[in-house]
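Chains as they are written, first to last, in the numbering used here: chain D, 563 to 785; chain Z, 2 to 69.
Take the hints with a grain of salt, since some may be wrong.
[To be verified] Calculated lysine to aspartate or glutamate pairs in the EDC-like style (CA-CA distance at most 16 Å, straight line):
#1 D:774 to Z:11
#2 D:775 to D:721
#3 D:774 to D:759
#4 D:775 to Z:67
#5 Z:12 to D:721
Hints listed in this document are in silico derivations from the structure and should not be mistaken for laboratory results.
Given the structure is predicted, the values throughout are model-derived calculations rather than measurements.
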Amino acid sequence: MPVQLEFLKSIPYFSELNPAELDSVVRFIFERTVERGELILLEGEPTEVLYFVASGAVKCFKTSVEGKEQILNIMLPGDSFNDVSVFDGGPSPASTQAMGPVTLYGIRKKDLEIILQHHPQISLNIAKVLAGRVRQLMSLIEDLSFRHVIGRVAKILLEYAEDRRDSKPRLTQRDMAAMAGTAREIVGRSLKALEEDGTIRLDQNRIVITDKKALSEMAGASY
Amino acid sequence: MAEMPIIDPEKCNGCGLCVGVCRNNALILVNNVITIIEVKECDWCTNCEAVCATGAIICPFEVVIEGS
């Protein structure tokens, strides 16, 4: 399927480009489709492609030697990933996996360098994207260091419910555990505790936030 | 149609643990692969997901704010 200029414009990297400039970028972009569960990048592997999610959702995660997973971020349409490897030339710092059927747009490192030479104004957007990533990872460090698990789960639920993007995937308890840096069983217990407190209601496959104020307080003052 | 847990037959190793923990008898093994038979009865307890070592069955949640 041809790359949609309108969609390209919605990607933070390219938001400053006019239609003619976008047109010149399109020829460097290739499309890749990925099945649910397929690994896109493996931590530690060399890689030279910057990816943008065109449709679907991709999780970025680290795995411990014991096999425990820590989700760093969930990328939705318009989000980029593998920026770090493309810019510092190192191996992939984390693994990425499709959470459902996914379409990606990719740009090879050498082609990105050509684009940057011709459209240097993109650099500022890239700096903004990377700064946003640093901010998000700092927030994750804060969560893992200072918040109790139940507070982390409360924060995940609030952030998730308030994210209005259509393509956000539904979350399993295992996903929530990997985001909160804990075991699945602990997430299950936290959800039960939140339900007993009356802040959420488990309604079949829906987690309904019934007391947003109380849940926000549980998630911590900084939320 | 009611929502149901998502099964990945390629990941299922036919161990049958999920059949044993399903409190509503909604699961059976067919040709050594897990299959849902009683969708209406599934109350999303997620026990099947919890015991599945291969990640072949998952119970994802939608998260919403009441009244929004």
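Status of each hint after checking the structure:
no., hint, in the structure
1, D:774 to Z:11, "violated (40 Å)"
2, D:775 to D:721, "holds (13 Å)"
3, D:774 to D:759, "holds (12 Å)"
4, D:775 to Z:67, "holds (12 Å)"
5, Z:12 to D:721, "violated (31 Å)"
Consistency note: the structure conflicts with the earlier hints numbered 1, 5.
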